[in-house]
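A.B. asks: Sequence:
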Amino acid sequence: MSSSQRKVWLDPASLADEGDISEIGGNLPDHIKQQSLNVYLNMGVSTPSRFGYKLGRSVKWIEYSIHKNPERNGRAEAITLGEIVVTEDMLNGADTFHGACLAYLIDICGNGPVVIFGLDRGLITTGISQSLNVTFHSPAHLGDCLRIKSTCFGVGKRIRTAKCEIYEKESGRMICSGLLTTMEPDASRL
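In terms of the UniProt record's numbering, the sequence shown is numbered consecutively and its last residue is 190.
Note that these hints are calculated values from the structure, not bench results.
The reader is advised that the hints may include incorrect statements.
What the hints assert, rightly or not - Only pairs whose alpha carbons sit at most 25 Å apart, straight line, appear in this in silico SDA-like list of lysine to any residue:
no., residue 1, residue 2
1, Lys163, Met43
2, Lys163, His137
3, Lys60, Gly99
4, Lys60, His137
5, Lys54, Ile21
6, Lys169, Thr135
7, Lys54, Glu71
8, Lys54, Ile128
Sequences and hints are given; from them, build the entire structure.
C.D. replies: The structure is reproduced here in structure tokens:
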């Protein structure tokens, strides 16, 4: 079976359009923005009764872009930028943004630039999380507006890598950072 015929876990082109891309800036064409948003809204935040639905739906996307990074000899990097306001249901017992919420955001938001990178190149790069490394830097509090910046800097045949930084929008104070590795599932297990 050729790579163009192989079974894929989730084909972005197969998803119905969902969500509004009119507020998403960046340098990508609308069809890539829409397909990427469709993947985000269908991977973990599609069913109200499921874990993370409300948290995932609270992210407001503001940019989807691909840039050449001069620090990496002009290699392309896909970037997504989103925002979320910390609400009471996101707090832990110490009245700070719960670490599990932050890890979940890194997992679902870190996948965005991986999908965008693939869509821009005519590839299907949806996948499943293989590893997630999270570092907590400082607490976020009720009402804080956080920025979520994710960057894809590696897409191979099966393994894709992205970093995600979550920081307080007004001060720039780093809240959390993480490294996400996703992989294409084995077709025989689909």
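A.B. asks: So which of those numbered hints doesn't the model satisfy?
C.D. replies: 7
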